[in-house]
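A.B. asks: Keeping the supplied structure of chain L fixed, place chain P upon it in accordance with the hints.
Protein sequence lines, in the order shown, are assigned to chains L and P.
Using our numbering, the letters of the first sequence map in sequence onto residues 722 to 1185.
Using our numbering, the letters of the second sequence map in sequence onto residues 6 to 604.
Among the hints, a few may not be true.
[To be verified] Simulated pairs of lysine to aspartate or glutamate, DMTMM-like, Cα-Cα distance not exceeding 25 Å: (1) P:Lys584 / P:Glu261; (2) P:Lys580 / P:Asp12; (3) P:Lys408 / P:Glu369; (4) P:Lys193 / L:Asp986; (5) P:Lys247 / L:Glu855; (6) L:Lys1077 / L:Asp846; (7) P:Lys365 / P:Asp385; (8) P:Lys509 / P:Glu389; (9) P:Lys590 / P:Glu182; (10) L:Lys1025 / L:Glu974; (11) P:Lys509 / P:Glu300; (12) P:Lys247 / L:Asp846; (13) P:Lys502 / P:Asp347; (14) P:Lys365 / P:Glu496; (15) P:Lys522 / P:Asp377; (16) P:Lys525 / P:Asp371; (17) P:Lys590 / P:Asp351; (18) P:Lys233 / L:Asp981; (19) P:Lys408 / P:Asp347; (20) P:Lys247 / L:Asp915; (21) P:Lys233 / P:Glu182; (22) P:Lys525 / P:Asp354; (23) P:Lys192 / L:Asp877; (24) P:Lys247 / L:Asp975; (25) P:Lys247 / L:Asp986; (26) P:Lys247 / L:Glu971; (27) L:Lys952 / L:Asp846; (28) P:Lys192 / L:Glu971; (29) P:Lys247 / L:Asp981; (30) P:Lys561 / P:Glu318; (31) P:Lys491 / P:Glu318; (32) P:Lys192 / L:Glu855; (33) P:Lys525 / P:Glu318; (34) P:Lys193 / P:Glu182; (35) P:Lys358 / P:Asp371; (36) P:Lys44 / P:Glu182; (37) P:Lys193 / L:Glu878.
[Unchecked claim] One-sided and incomplete, this derived list gives chain P residues near chain L with beta-carbon spacing under 7 Å: (38) Pro212; (39) Arg215; (40) His216.
Hints listed in this document are in silico derivations from the structure and should not be mistaken for laboratory results.
Just so you know, even glycine gets a beta-carbon here, dropped at the ideal spot from N, CA and C.
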Amino acid sequence: MTLDRVVWSMLQEALGVYRDSPRATAWLRTHVERYTEPVRIAVAGRSRIGKSTVVNALVGDEFTPQNSFVWYRGGTEQRAHVFNGPGRPHEVGIGRRGSRNHVETGQFDRSDRIVVDWPARTLRDVVLIDTPSEATPEQVLGDADALLYLMRHVQDEDLRFLQSANDHPIARTAAVHTVAVLARADEIGAGRIDALSSAKQIARRYRRDPAVQPLCQNVVSIAGLLAVAAKTLREDEFAALRVLSSLGREELEDHLLSADRFAGDQFPLAMEPAVRQALLERFGIFGVRLITALIRQGFDSQVKLTGQLVQRSGLGELRDSIAVHFVERREVLKARSALLALDVLFRMEPRQNARKLVADLERVVASAHDFRELRLVAALQSGRTKLPAELQTEALRLVGAEGVAPLARLGFDYEADARELREALLDALLRWQAQAADVHATHAHRKAAQIVVRTCEGLLPQFS
Amino acid sequence: MAPPWLDVLDETIGACVTHRRPDLEARLREKRAQQLDPKLRVLVVGESKQGKSQLVNALLNAPVCAVGDDITTTVPTFVQHADTPSAALVRNASAGGSIFHTPTERIAVPIDQVTKQAAAQHVVRAEIGIPRALLDSGLVLIDTPGVGDTRSAHTASTFATLMQADAVLLVSDATGELTSAEMTLLKKVMEACPNVTVVVTKIDLVPSWRHVVERNRALLARAGIRAKLIPVSSALRLRAAKTGDQRLNSESGFPELVTCVQSDIVASADLLARRAVAVVASSAITQLVTPLREELTAHDSSRTVATISTLQEAQRRVDELRRRSARWQNVLNDEMADLISDVEYDLRDRTRKILREVDKTYDEADPAIGWDQFEQWLEDNLNEAATTNFAWLMERAEWVAAKVARNFPVYREDLIPGSVLPDDLLEPASKLEKPKIEPFSMPQKLFTGLRGSYGGVLMFGLVTSLAGMPLINVISLGAGALFGGKSILDESDQRLKRRQAAAKAAAQRHVDDFFMKFSKDVRDSGRHIQRSLRNHFSTLAEELQETLLESARSAKRAVQDDQTERERRMREGRKELDKLVTLYKRVQALGGPAMELTA
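This is chain L alone, in the form it adopts within the complex (with noise of 0.2 Å):
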């Protein structure tokens, strides 16, 4: 039976045990709607990081900053409903000030958290949630199956959270739910050119750093304000944009060189300032300075400016991230928040007849092999575990990074009989104990081979 299963049969279970107490079938219904609902995906940082940025860049359109926790969801029309307290929630309008949506939470002084339904292709394998700053890890991580965690650079604070965000005891098991983003990559580099090329240089090297290592899957760089404009470059934006490029380089790099410069009022061409002044606050002044550099170089159409933009910014890259990270385990990541719900549970409520149950519990976090394998896929992909090339690739099929199948697993792409199996996955096997236990290996090395061979002997049964 997978993870996905036994854990589906857990939460069931819970509810025949727990049926009587209305506060557990409550918190155990949610957790069941979850189970089936897409990844949720927690956004968190220090203030001022860029986590709504990021967020609008995600969605791929704009929506003014709250002040509480905001939840995406997919959904078919744009509604939004407000969460207070116990009680229904409230459904409240969708209106638009200047570019950006706005969600009318005038009537709330408070609210738990607003949920928006929205169309958009993100949001049909995820749920996003903004974050409020001052959020402390638990409530982040209280409804989330995976966490976003923004910063510029990695400082000690950054480290604390991510470090309690792993600090519950399943939650250590399986450290498989965090992605760092250097957020404000722009920034990074002063605002030069290449910034964004130099903050993915740092990100390569946060991905190695011991410090950063154990505590997220992967880093990566965005450039914010430049990802969502890439998503939600307009017309009359892009028309302003190619006139500024039509300047020459010399004379616009000069009026580039400060903010208060290229808004002020000395300026050569016959543009407003308060459209400079808006594509300022939209783009920042790195990204007028890409922008139109891009559209000097020859990108000078919308649809291949965006394509450039979204690449550049950083956004595809955190795209395909949470595609491989998040989305692709949606099972995982959701058999782990069912998991640790069920903790809760029992320790909140601990029950004789429970008793089955926690055994249980204690037995898939401690064989979650799934996890582990998880958790190689990770280290190998982004290189922090090195293997050699050829072992390399074995290992990652080996571990189910190309689908969990025997078949896939084994490196079959025909019907093999149960005897040739058999044989592969022995010889595997052998190729594997001998590695890990190579005394001129790396550690690294050793530990992934000892994975590999675990996974070889869970296969083991099946064709004997």
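C.D. replies: Only chain P this time, still in chain L's reference frame:
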């Protein structure tokens, strides 16, 4: 002429020496050397990636410090004036040693290699010299590694450098207002060096930098920090330097910063020195004053407490001795009275027993027969009674001595006297005088018989004469013989009785005599024993009391000595404290923060 702060600092150092605080002294000496050094150290601190190195570069219009997008600066970099550009790395000669007091060596390197090589192990700092007018006055700009980085060694070296700073530029970029971590850092910096200027960098990048600056000013005001805040853009400044564009230069905000550095830091070096000295010296004086004040306020030093408790103990023991000696005297008197009465009673009891025996014997026996034996027996019995009685007296006397000794305040080996026996005891008592024994001789018997028979003959002769018989006849003669015999018997009985009474009286007298004599002896011995015991114990008590009094006296003397000593020390301490407070006021006058310090 030496500046006024130097005098104050020297005096403070002197005070540290007097109060034996070499640690403070070393710190102040370091500060003194640093203040006398014409160089003026301006430390550039801030969190990582705020543009510290770029700020230094822009201030000097030269790429002296490497800048990069990732963590670049790893060691403090000292930039100072030199006629020709030069650079050197200073590193610990002994690898792995402690930061302090290890020999260092300087390695000259090309300027553009400084950052690359600084990443090597054991490099303590980098030193760069370039010819610049700004540095001409002895200004040294110190670029530091960012605070709050994950690699904490960088942070540590920044704080180590902080101690040497004359002024601090705290760098925060305009992309966000001051964070709580930065505010904490700022407060920490203020403690070590009060001359802080907050520089907001990267204003070229941020359209809303004016808003951020306003927010920062408000934050500083709310935290009660009086620090200047200057927004700058290093990028504009460097660009302006390249193109020689004066307008751009003024836009960059650097002219204001340079003016600030020149006027507030360089020109007012004396003020800065005074302020810095005030902070350091007042902190040192506060540290000196605290223990002094504690000593003054403490009621007794531990030594005085000890001597006073000795005195109290001695006095207590003298009192105890007095009380206990009254007790032992009472015990002695009571016990001896008991003893004498007991012994006397015992003696009386024994003699009475003897007398009763004598009475019983002479109720039957005739003293005329075996008097000698009786005398021997009586003597033996009396002797035995006396011996037993006396032995008992001795036993009791020893017991009394032990009891008194128990009630004596201290225990000593010679507490129980060796002998309490009077020497002249048991003089032989008077001889028993023989009672007068009259023997009943034959003529007496005859005479008595005849006198008795006379009546019988006459009585029966008269009766028989009536019957016509002669006066002397057989019957009257027979009756006469009978009567005579009876008279003899009666007489001899009488005599025996008399003899017995005489014997008893003699024995009684003798025993009385013996009792009189011996009870007197026993009393005497008792009194003798009592006296000798009393003498013995009082001598001991006197000796003891003398010892105790002596120790009490010496304790008292010690306390008095202590008192005077303490008073002397108090006076001195107060004088010292006054001196320190005066010094502190002078330090305050130099322009330090106003702190309350009273004696």
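A.B. asks: A separate judgement is required for each hint: does it hold in the structure or not?
C.D. replies: Status of the hints after comparison with the structure:
no. : hint                 : result
1   : P:Lys584 / P:Glu261  : violated (43 Å)
2   : P:Lys580 / P:Asp12   : holds (20 Å)
3   : P:Lys408 / P:Glu369  : violated (50 Å)
4   : P:Lys193 / L:Asp986  : violated (42 Å)
5   : P:Lys247 / L:Glu855  : violated (44 Å)
6   : L:Lys1077 / L:Asp846 : violated (34 Å)
7   : P:Lys365 / P:Asp385  : holds (18 Å)
8   : P:Lys509 / P:Glu389  : holds (20 Å)
9   : P:Lys590 / P:Glu182  : violated (38 Å)
10  : L:Lys1025 / L:Glu974 : holds (23 Å)
11  : P:Lys509 / P:Glu300  : violated (95 Å)
12  : P:Lys247 / L:Asp846  : violated (52 Å)
13  : P:Lys502 / P:Asp347  : violated (37 Å)
14  : P:Lys365 / P:Glu496  : holds (23 Å)
15  : P:Lys522 / P:Asp377  : holds (23 Å)
16  : P:Lys525 / P:Asp371  : violated (33 Å)
17  : P:Lys590 / P:Asp351  : violated (94 Å)
18  : P:Lys233 / L:Asp981  : holds (22 Å)
19  : P:Lys408 / P:Asp347  : holds (17 Å)
20  : P:Lys247 / L:Asp915  : holds (21 Å)
21  : P:Lys233 / P:Glu182  : holds (15 Å)
22  : P:Lys525 / P:Asp354  : holds (16 Å)
23  : P:Lys192 / L:Asp877  : holds (19 Å)
24  : P:Lys247 / L:Asp975  : holds (13 Å)
25  : P:Lys247 / L:Asp986  : holds (24 Å)
26  : P:Lys247 / L:Glu971  : holds (14 Å)
27  : L:Lys952 / L:Asp846  : holds (18 Å)
28  : P:Lys192 / L:Glu971  : violated (44 Å)
29  : P:Lys247 / L:Asp981  : holds (20 Å)
30  : P:Lys561 / P:Glu318  : holds (11 Å)
31  : P:Lys491 / P:Glu318  : violated (95 Å)
32  : P:Lys192 / L:Glu855  : holds (23 Å)
33  : P:Lys525 / P:Glu318  : violated (47 Å)
34  : P:Lys193 / P:Glu182  : holds (18 Å)
35  : P:Lys358 / P:Asp371  : holds (20 Å)
36  : P:Lys44 / P:Glu182   : violated (33 Å)
37  : P:Lys193 / L:Glu878  : holds (18 Å)
38  : Pro212               : holds (4 Å)
39  : Arg215               : violated (9 Å)
40  : His216               : violated (12 Å)
Violated hints, listed in ascending order, are 1, 3, 4, 5, 6, 9, 11, 12, 13, 16, 17, 28, 31, 33, 36, 39, 40; each of the other numbered hints is respected by the structure.
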